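K.L.:
Read off the chains here:
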Amino acid sequence: MEVGTYDAIVVGGGIVGCACAYYLSEVFESVLLIEPGPIGGGSTAAGMGHVVVMDDSPAQFALTHDSQKLWKGLFSQMSDACEVRETGTLWVAADEEEFSHVEGKRRFYEQHGVHAEVLDSQQVAEAEPNLRPGLPGGLRIPGDCVIYPVTAAGWLLEQAKRRGTVVRQGKPAVKVTGGSVMLSDGSRYTSAVVVNAAGGHASELTPGLQIEPRKGHLVITDRYPWFVHHQLVELGYLKSAHEMSSESVAFNVQPRATGQVLIGSSRQFVGWDGAIDHRIVAKMIARAAVYMPKIAELSAIRIWTGFRATTPNKLPIIGSMPEDPRMMIAAGHEGLGITTSLATGKLIADLASGITPRIDPSPFAPGAAYHHD
Amino acid sequence: MTELIHILINGHAVTVKPGTSIAAAVLNAGTTAFRKSVSHVPRGPVCGMGVCFECRVKIDGIEHQRSCMVLCSEGMVIETDV
Amino acid sequence: MSDLTPKQIWIVGAGPAGIAAAEAALESGATVGVIDENPAPGGQIYRALLGVMKPEIQSRVDALHAKGVLFLNQTTVIDAPAVGELTVKGPNGPERLRYESLILATGARELFLPFPGWTLPNVMGVGGLQALVKSGLDVSGKRIVVSGTGPLLLAVGAYLKQKGAKVVRIAEQAPAQRIREFTQRLVGYPYKLGQGIPLMLSIGATVRTSAWVERANGSHVLESVKINSHQEPIRCDYLACAYGFEPNVELATLLGCELHRGFVEVDETLRTSVPYVWCAGEPTGIGGIDLSEIEGKIAGYCATGNEKAAQRLMPTRARWMRFAAMLEVTYALRDELKTLPNPETILCRCEDVSIEQATEWNGSRAAKLHSRCGMGPCQGRICGAAGRFLYGWEHGTVRAPLVPVPLSDLTERDPELTNHTN
Ligand SMILES: Cc1cc2nc3c(=O)[nH]c(=O)nc-3n(C[C@H](O)[C@H](O)[C@H](O)COP(=O)(O)OP(=O)(O)OC[C@H]3O[C@@H](n4cnc5c(N)ncnc54)[C@H](O)[C@@H]3O)c2cc1C
Ligand SMILES: Cc1cc2nc3c(=O)[nH]c(=O)nc-3n(C[C@H](O)[C@H](O)[C@H](O)COP(=O)(O)OP(=O)(O)OC[C@H]3O[C@@H](n4cnc5c(N)ncnc54)[C@H](O)[C@@H]3O)c2cc1C
Ligand code: FES
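Chains as they are written, first to last, in my numbering: chain A, 3 to 375; chain B, 13 to 94; chain C, 324 to 745.
Next up, chain A with everything else stripped away, as it sits in the complex:
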């Protein structure tokens, strides 16, 4: 059943798919986005929405930094529902050992154009009175911010729709190739460019992609305005995120625009089992309470889980499949897809329309993941 032809088709209406539609609709006449559920209802509905520049690897730094700049260019246009808050990040040192690395980190950020400030023990206490007294200090990145991912995805798609993007909701794609997409109801759409942006499910549509779900838990509280001011992350977070160990928790606490406190985070490889693991939740909260003892008194209203789409080289897969350039991938964003969605969409649109990309696309090319490590 042939239903339509488009210049580009995006499969998946998470924040990455919506960002792809946003930029593709700038360069193409007609774009179609396919999403079986609510827009942003996948990992995007589970993510913390911390828009953060990360220095884990040069490629990751480049992508997060570029993407954050793109976000900042849009903030003034975005709706209130996107809950944008320019909180900054405060990386908190637990001990002198961790604190001794802070200056080096600051220098790296500054050298690469990201403002960073070292805070001593007293400055940290002043910046976040609810942190445990006596912490040695931390690193503040004032430019980092927080958004609400679902409505941000919705807003991006809304702009794309204004430029003519068509959204087909309700049915999943079952067969995706460079030239066409078939949905579960048998309808078939053809296109010069197809982007697989199905997040953790991308590998089900494009065999050979190595993407594994990595489960995370989050807890949200009732409203306690100004209990916390910055997105707070322990300096040990990178280690916890980077290690492929089977299970880890880290102190990661975020002020929501609503006044709620969002508490993360955990990482586990357990397949697609979304059940709440009480042991992990307990560990996560205990970890948060080590840094912020008073957090234990706040009222928790909901716990949920989500899945990060993890790749072997810890970088998202962005670009054309080597064997079929019309088949593009935009998936595998692990714990940074909210941040990197815009740079991903831009990269996809640039590559698809033959524009030289703003950042080096090679580390993200499909296939790169297999050759890495």
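If you're looking for bench data, these hints aren't it; they were derived computationally from the structure. Model, not experiment: these values are computed from the prediction. Keep in mind that the hints are not guaranteed to be accurate.
To be verified - Straight-line Cα separation of at most 25 angstroms, BS3-like style, residue types lysine-lysine; simulated pairs:
1) Lys48(B) / Lys296(A)
2) Lys486(C) / Lys29(B)
3) Lys486(C) / Lys377(C)
Said to hold, decoys possible - Examples of chain B residues lying across from chain C (beta carbon under 10 angstroms, computed):
4) Ile34
5) Thr44
6) Phe46
7) Val50
8) Pro54
9) Gly60
10) Ile74
11) Val82
Don't be surprised by glycine CBs; every beta carbon is placed ideally from N, CA and C.
Following the hints, position chains B and C with the ligands against chain A.
P.N.:
Frame of chain A, contents of chains B and C with the ligands only:
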């Protein structure tokens, strides 16, 4: 069982019978705005049985407590509209 | 960890179904514990007045106590962390209980439907206002409008009058004709008729049928209500308004019990789709106190392997189920109620999401994610139920904790399991 209970509601001393819920005590004291909603309008109890969360007040310094589910006890300090 | 006496059977809910279940389970020789969120047993209908239960209920509870039934009052089930286990939160903090059989007798809450002004202070539920009066609210001399649907309107109207309130109007949405037919068929249930007559004598004159509140007026607090059948707004201090009941199926859902049309699916023995879990009373279907009592008994017997004793009660259950079906037909909600709210009327009271904002999205999950409808502390218990009536919304996902708890309650690492099997 007949001894009266003394509590403070928004700084005012109030005496209630044993078995009185905080929600009832607050209403009897003439206060109808238990909390300010997200868009800053006053709200009071609806379900009377712990489901709706409209009756939340601060009890002994702890915010977001359902006043319909807690009985008054001696010396309690209750703040509404926080 | 406090030291709880070991129990074989846990019953959640100490209303009519829960108390009856405890009695039956005890009769079959089980050790029984009853968990309830309220300060005293009784549930909604047997709710104690200022801590004092009706003598006939008190004596039943006393007898259960005397035979060793443990009542965990002011204790809420917050989670079912593993098969055969519950996490409860009581005055002494969270603890874990193990059950061999579990009876869910979690009752119902009222269904609230939005109309302009429904968020004003002093607009309450019908059972809601009664519960507050039972816990000490003084309504003497207050002008009260009671509205919504069902026999509860009369019962509460008469109760409020007895407490000194001036019940100025009872607005029943059901048409007079259906209520007349219902009353005629009550002849088959003489004891119900016997309950109804004094109520009608007390308060009948204030009743209007095919009547409902169109809006509540007031700036910071309720001042008056506009009823469809009246030209002028009626001045009042309280509006008690509820459109029947909504079963409490959250715990059942968390346990994985199958639902059918929003109710917990049970077989003849009131067994749910989940092994070792039974369900009695309103969560299986709204039927009132008599059906709840009978179902409690049946579940109590069946959960303890005494199906023979339960067998005798099945015809009575069937009879009260027919009564429930009559109620359902009589008090079916009319479509006009769907047209009451304006686009700007609040649907989600926790997050102040308007009808307009919530219905921009397709279904309750999309509405939740995009408009915050149902994201607040009640977790969609109020707006979700309204959305199911107004828009045919699906049930949302239930997650632990079933009610908000301090984070410290979630950090308890591997709290010792209370062993109740001896
Ligand atoms: C606990 C947690 C915390 C996080 N915190 C952050 C953070 O603070 N900052 C940050 O930047 N990132 C964070 N992330 C990561 C971020 O949420 C994800 O990287 C991001 O949401 C990925 O977006 P996506 O669009 O690729 O995937 P998804 O949002 O999962 O979207 C994929 C979409 O594809 C659809 N789909 C699936 N199969 C098909 C099919 N067959 N046909 C059509 N469509 C299909 C799905 O329905 C879904 O909507 C976090 C993640 C988790 C789990
Ligand atoms: C920044 C942020 C703030 C938030 N704030 C709040 C808040 O204040 N209050 C609040 O309540 N929530 C909040 N949330 C959480 C959000 O509403 C959801 O709870 C979250 O998306 C996770 O959903 P869930 O897993 O709890 O269940 P749901 O949102 O109900 O999602 C479960 C989905 O998975 C599907 N599903 C279930 N099982 C399977 C299966 N086996 N296979 C495939 N699909 C399945 C279901 O059909 C459903 O669509 C927030 C989220 C974010 C990102
Ligand atoms: S009145 Fe509804 S929770 Fe207290």
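K.L.:
Run through the hints listed earlier and report the numbers of any the structure violates, in increasing order.
P.N.:
none
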